[in-house]
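Participant: Going down the list, the protein sequences come from chains S, V and U.
Each residue of the first sequence is one higher than the last, beginning at 1 in our numbering.
Each residue of the second sequence is one higher than the last, beginning at 266 in our numbering.
Each residue of the third sequence is one higher than the last, beginning at 440 in our numbering.
These are calculated hints, taken from the structure and not from any lab test.
There's no promise every hint is true.
Partial list, derived from the structure: chain U residues whose beta carbon lies under 10 Å from chain V [as the list claims (entries may be wrong)]:
1. 548
2. 618
3. 622
4. 623
5. 627
6. 645
7. 650
8. 652
9. 655
10. 660
11. 665
12. 669
13. 672
14. 684
15. 914
Computed far set for chain V versus chain U, every beta-carbon distance over 10 Å [as the list claims (entries may be wrong)]:
16. 281
17. 321
18. 333
19. 406
Built from N, CA and C at the ideal position, the CB exists for glycine as well.
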Amino acid sequence: MPSGHFLVSVGLILLGLLVGQRVDMLPVQASVNAPVYDELFRVLFSIGTMLFLGICGLLVYSLVRFRRQPGDFGDGAAIEGNLSLEIVWTAIPAVVVLFVGLYSYNIYERMGGMAPLADHSVMHAMPATDPGSGDRVWGGISTVSGETADLTVDVTALQFAFIFHYPEGNITTGELHVPEGERVELRMKANDVIHAFWVPQFRIKQDIIPGQPTVLTFTANRPGTYPIICAELCGPYHGGMRTSVVVHDRGAFDQWLTKNTLPVA
Amino acid sequence: MFGLVLFLVGDGMTFAGLFAAYLTFRAVNPLPSGGVYDLELLLPTINTALLVISSFTFHRAARQLRQGSGFGCRLWLLITAALGAAFLASQMLEYFKLPFGLTANLFASTFYVLTGFHGLHVTLGVLMILIVWWQARAGGSINRESHFGLEAAELYWHFVDGIWVVLFGIIYLL
Amino acid sequence: MESTSELPVSLIPNHGSWLRYLSFSLDHKVVGIQYLVTGFLFYLVGGVLAGMIRTELATPISDYLSREVYNEVLTMHGTIMIFLWIVPVVNGAFGNYLIPFYVGARDMAFPRLNAVAFWMIPPAGLLLIASFFIGGASQSGWTAYPPLSLRTPALGQLIWIFSVLLLGGSSILGGINFIVTILKLRRPGLKMMQLPMYCWAMLGTSILVVLSTPVLAGTLVMLAFDIVAHTGFFNPAIGGNAVVYQHLFWFYSHPAVYIMVLPAFGLVSEILPVHSRKPLFGYTTMVYSILAIVFLGLIVWAHHMFTSGTPPWMRLFFTIATSFIAVPTGIKFFNWLATLWGGKIALNSAMLFACAFIVNFVLGGITGVALAQVPFDIHVHDTYFVVAHFHYIVYGGTVFIIFSSIYHWYPKITGRMLNEPLGMLHFVLTFVGFNLCFGPQHWLGMNGMPRRVSEYDPQFTLMNQISSVGALLMALSTLPFLINVFHSAWRGRVAGNNPWRALTPEWLTSSPPPVENWNGPAPHVEHPYGYGLVETTP
Numbered sequence: 001m002p003s004g005h006f007l008v009s010v011g012l013i014l015l016g017l018l019v020g021q022r023v024d025m026l027p028v029q030a031s032v033n034a035p036v037y038d039e040l041f042r043v044l045f046s047i048g049t050m051l052f053l054g055i056c057g058l059l060v061y062s063l064v065r066f067r068r069q070p071g072d073f074g075d076g077a078a079i080e081g082n083l084s085l086e087i088v089w090t091a092i093p094a095v096v097v098l099f100v101g102l103y104s105y106n107i108y109e110r111m112g113g114m115a116p117l118a119d120h121s122v123m124h125a126m127p128a129t130d131p132g133s134g135d136r137v138w139g140g141i142s143t144v145s146g147e148t149a150d151l152t153v154d155v156t157a158l159q160f161a162f163i164f165h166y167p168e169g170n171i172t173t174g175e176l177h178v179p180e181g182e183r184v185e186l187r188m189k190a191n192d193v194i195h196a197f198w199v200p201q202f203r204i205k206q207d208i209i210p211g212q213p214t215v216l217t218f219t220a221n222r223p224g225t226y227p228i229i230c231a232e233l234c235g236p237y238h239g240g241m242r243t244s245v246v247v248h249d250r251g252a253f254d255q256w257l258t259k260n261t262l263p264v265a
Numbered sequence: 266m267f268g269l270v271l272f273l274v275g276d277g278m279t280f281a282g283l284f285a286a287y288l289t290f291r292a293v294n295p296l297p298s299g300g301v302y303d304l305e306l307l308l309p310t311i312n313t314a315l316l317v318i319s320s321f322t323f324h325r326a327a328r329q330l331r332q333g334s335g336f337g338c339r340l341w342l343l344i345t346a347a348l349g350a351a352f353l354a355s356q357m358l359e360y361f362k363l364p365f366g367l368t369a370n371l372f373a374s375t376f377y378v379l380t381g382f383h384g385l386h387v388t389l390g391v392l393m394i395l396i397v398w399w400q401a402r403a404g405g406s407i408n409r410e411s412h413f414g415l416e417a418a419e420l421y422w423h424f425v426d427g428i429w430v431v432l433f434g435i436i437y438l439l
Numbered sequence: 440m441e442s443t444s445e446l447p448v449s450l451i452p453n454h455g456s457w458l459r460y461l462s463f464s465l466d467h468k469v470v471g472i473q474y475l476v477t478g479f480l481f482y483l484v485g486g487v488l489a490g491m492i493r494t495e496l497a498t499p500i501s502d503y504l505s506r507e508v509y510n511e512v513l514t515m516h517g518t519i520m521i522f523l524w525i526v527p528v529v530n531g532a533f534g535n536y537l538i539p540f541y542v543g544a545r546d547m548a549f550p551r552l553n554a555v556a557f558w559m560i561p562p563a564g565l566l567l568i569a570s571f572f573i574g575g576a577s578q579s580g581w582t583a584y585p586p587l588s589l590r591t592p593a594l595g596q597l598i599w600i601f602s603v604l605l606l607g608g609s610s611i612l613g614g615i616n617f618i619v620t621i622l623k624l625r626r627p628g629l630k631m632m633q634l635p636m637y638c639w640a641m642l643g644t645s646i647l648v649v650l651s652t653p654v655l656a657g658t659l660v661m662l663a664f665d666i667v668a669h670t671g672f673f674n675p676a677i678g679g680n681a682v683v684y685q686h687l688f689w690f691y692s693h694p695a696v697y698i699m700v701l702p703a704f705g706l707v708s709e710i711l712p713v714h715s716r717k718p719l720f721g722y723t724t725m726v727y728s729i730l731a732i733v734f735l736g737l738i739v740w741a742h743h744m745f746t747s748g749t750p751p752w753m754r755l756f757f758t759i760a761t762s763f764i765a766v767p768t769g770i771k772f773f774n775w776l777a778t779l780w781g782g783k784i785a786l787n788s789a790m791l792f793a794c795a796f797i798v799n800f801v802l803g804g805i806t807g808v809a810l811a812q813v814p815f816d817i818h819v820h821d822t823y824f825v826v827a828h829f830h831y832i833v834y835g836g837t838v839f840i841i842f843s844s845i846y847h848w849y850p851k852i853t854g855r856m857l858n859e860p861l862g863m864l865h866f867v868l869t870f871v872g873f874n875l876c877f878g879p880q881h882w883l884g885m886n887g888m889p890r891r892v893s894e895y896d897p898q899f900t901l902m903n904q905i906s907s908v909g910a911l912l913m914a915l916s917t918l919p920f921l922i923n924v925f926h927s928a929w930r931g932r933v934a935g936n937n938p939w940r941a942l943t944p945e946w947l948t949s950s951p952p953p954v955e956n957w958n959g960p961a962p963h964v965e966h967p968y969g970y971g972l973v974e975t976t977p
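Make a model of the complete structure from these sequences and hints.
Facilitator: Have a look at this one:
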């Protein structure tokens with residue numbers, strides 16, 4: 001029944017695409033990064049649905065169709081293998097995996113992850129005492145490659161809080177405020193143990209490692225308040241180590257900046 | 266014997282892990298001021314020579330046994346053990362002469378852990394040689410016909426020597 | 440080499456008495472059962488700890504355990520389940536019981552070493568549990584990342600290091616024993632390509648054990664130095680490098696996943712052909728895919744570190760290497776499906792667990808390929824998505840196969856059949872409970888719940904409660920299983936030598952088998968999967 005197989009395959013692919021493209025399981029998109037990420041997610045979800053339903057369908061079909069009748073003590077067909085079939089199901093996953101790999105590489109590039117950072121020779125950390133020099137940084141994802149940031153914030157993570165310092169205006173705060181649509185660069189260092197900076201609505205995460213400053217850039221594009229979550233076990237109060245990022249439109253951000261700027265002594 | 270080879274492969278992986286850690290530390294983490302990678306080369310070179318020679322003397326001991334000379338075998342075993350002991354003594358001497366302690370800096374720590382772990386192997390090896398030496402006495406369990414213990418100890422000893430040569434190259438010369 | 444085979448039966452300590460299971464026995468079958476029972480006891484302990492975690496997470500606030508104890512519990516849950524349940528059972532228990540049969544030997548290559556390896560496990564496990572009561576267990580997670588592991592209470596961390604070193608040592612000794620047994624102790628005339636697939640799986644696993652476990656040992660010794668002697672290997676405060684620990688740790692701990700999963704692949708390859716009366720499909724490609732997984736398994740460790748500040752080229756390399764593991768794994772799954780196709784399938788408890796393994800593992804494998812993609816991983820790394828993925832692999836995969844194997848080999852081990860209705864009940868509770876418990880965790884992770892927390896946003900309450908109900912069902916599922924195992928041992932239907940009419944060598948002797956496996960010479964099995972090719976007695 002080749003036409004039957006064909007129909008089943010087409011049906012499966014359509015179903016996979018339908019489910020994958022329509023599924024809505026991720027939080028609100030609040031950064032330039034997020035739609036790109038969600039596109040990758042939908043593609044992976046589509047392929048995954050096809051594979052999962054296909055394999056499970058085949059399994060259940062076999063279990064029903066080839067179940068043993070009571071009193072039947074015979075053996076099944078003595079087939080020990082089929083080289084061409086085996087080549088086919090080596091080749092198909094290989095092609096799928098290759099496609100997924102190339103595609104996710106492309107996504108990664110669009111997110112700016114492959115952008116050459118100041119120095120990405122294997123593992124150069126700067127001395128812990130000098131986090132601000134910016135010569136050698138380890139990268140998280142940067143949204144637009146090769147551009148300089150509109151706003152730079154120094155982040156210090158410690159048990160169990162994030163501290164944000166704005167060099168522009170000399171502001172120190174426990175809550176991150178950023179302007180909508182502008183590129184923000186976080187220069188992050190940890191005082192004690194490894195922490196991680198995660199904003200689910202931005203789809204970004206980067207470990208903050210003592211002794212090795214890391215950088216994370218993003219462009220938020222949806223005003224609102226979103227959680228900042230520590231994602232790396234950092235001690236008893238790890239679950240409570242969270243704060244918020246507030247995305248303002250430009251005017252509101254300027255207001256916030258002016259209001260909080262410390263007068264020059 | 267095959268089991269021993271597998272064990273040595275595993276043991277070698279432990280060293281490989283430590284070497285990898287050492288090389289990464291060295292590439293990534295600058296030492297605080299005052300820390301240096303350069304070490305005095307005289308004693309370690311003598312040490313290398315001692316161990317390399319001891320491999321040959323052990324081989325000689327095994328050959329003597331196969332040729333039927335129990336006495337020759339035991340003599341060469343003793344020489345090997347003495348060379349191993351001399352290595353350990355000289356290593357201790359080096360430790361005392363070094364200007365830094367275990368916790369001085371990253372290099373010092375890695376240096377002591379690597380050489381210490383290797384020294385532990387040499388110590389075990391010397392003990393093994395002495396046991397084999399005892400078993401190779403007239404009427405002992407090791408003789409011309411049955412010498413698995415001797416061969417196993419020899420393989421182990423060559424392994425420990427080989428590791429030292431790598432270690433010497435990576436830590437002292439590099 | 441065959442040291443026990445010369446021992447007359449009367450000299451084997453406590454022969455015939457149940458006391459032999461508490462002795463330093465050299466009989467590979469006794470050692471196998473020792474591993475199995477010990478492992479299961481630790482599974483119950485780890486399960487209680489899991490229950491404590493799910494109880495804490497039934498409400499959004501941290502109210503059931505103190506935060507320190509919660510971290511101790513999650514650390515011990517991971518450590519016990521991995522190092523004292525899955526690794527010892529799927530390798531030590533079934534490996535020791537089956538491999539000598541499969542190669543046609545009367546025991547393992549080094550029976551004494553074997554007993555030593557087993558007896559390292561109970562003290563290590565008890566010490567680990569005892570650490571709860573003497574100053575508190577380790578709080579830094581089963582990964583023990585420094586600098587956190589250098590700052591949590593030192594005693595618990597040191598006990599953890601010591602126990603894991605003991606367990607790793609036991610694992611290495613076992614691995615050496617398996618490799619030598621499979622390569623050197625084969626019955627004369629038995630070719631490698633005639634071995635049952637579990638032998639190949641154990642060969643691959645043991646190679647991984649011998650190559651990667653020593654690296655973990657060296658790493659943990661360095662960690663211990665950092666704690667005790669205040670060296671600074673992994674302590675950035677005094678010039679060390681915390682990321683180097685992660686590289687070394689995952690160089691072992693990623694292969695560790697294959698150490699837990701490859702033997703399960705082997706076991707399922709034994710179970711499916713028997714109950715579907717068909718030869719294992721594609722024997723040769725199965726062998727090569729195991730070898731490919733072993734090779735690839737050694738070069739993918741840094742995919743656990745995509746957010747650890749690794750450079751882009753490294754992320755790219757590990758993405759590609761990791762994705763390609765899907766190819767040999769996929770071959771195995773398609774071959775299993777082809778084994779079922781056209782068979783005469785008996786859907787008993789062993790088979791239900793084996794087929795559910797396929798379902799669970801395919802899902803875990805798909806999320807695994809997704810996690811291998813750097814941009815995907817960056818959002819869900821260290822979240823409940825990873826927790827879900829991991830449990831789909833090791834619980835939905837390996838633990839399901841452990842249960843399947845118990846239903847399959849119990850008649851051989853005890854001489855009696857397990858009760859099928861109770862087995863089905865066990866299966867339904869486990870399968871439903873498992874999917875309820877871990878399915879929703881995918882969603883939780885994607886939507887913002889990090890792992891290893893004792894409190895969470897109220898919006899995640901419903902999904903967490905579903906998950907906790909699933910955990911409760913999983914806990915309940917052990918009841919019919921335990922009743923079944925004990926009841927059947929006394930009252931079960933007598934199995935006979937070969938109740939499944941199987942062709943692999945362990946079924947060609949009495950149930951339970953005699954001390955040296957066969958009363959006569961070992962049978963020569965050229966076609967362990969020759970269903971439809973050779974005569975099987977009904």
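Participant: Compare the structure with each hint and give your call.
Facilitator: Verification of the supplied hints:
1. 548: holds (7 Å)
2. 618: This hint holds: residue 618(U) lies near chain V, its Cβ roughly 6 Å from the closest one there, short of 10 Å.
3. 622: Given a least distance of 7 Å, the restraint on residue 622(U) holds.
4. 623: holds (6 Å)
5. 627: Check failed: Cβ of residue 627(U) comes no nearer than 17 Å to chain V, outside 10 Å.
6. 645: holds (9 Å)
7. 650: Interface hint status for residue 650(U): holds (6 Å vs cutoff 10 Å).
8. 652: holds (7 Å)
9. 655: Given a least distance of 8 Å, the restraint on residue 655(U) holds.
10. 660: With Cβ-Cβ at 7 Å, under 10 Å, it holds.
11. 665: At 9 Å from the nearest chain V Cβ, residue 665(U) passes the 10 Å test, so the hint holds.
12. 669: Holds, because the Cβ-Cβ distance from residue 669(U) to chain V comes to roughly 5 Å (cut-off 10 Å).
13. 672: Because about 6 Å separates residue 672(U) from the closest Cβ in chain V, which is inside the 10 Å limit, the hint holds.
14. 684: holds (9 Å)
15. 914: violated (38 Å)
16. 281: Violated: least Cβ distance 7 Å, not greater than 10 Å.
17. 321: Since the minimum Cβ distance to chain U is about 28 Å, residue 321(V) lies beyond 10 Å and the statement holds.
18. 333: holds (27 Å)
19. 406: holds (16 Å)
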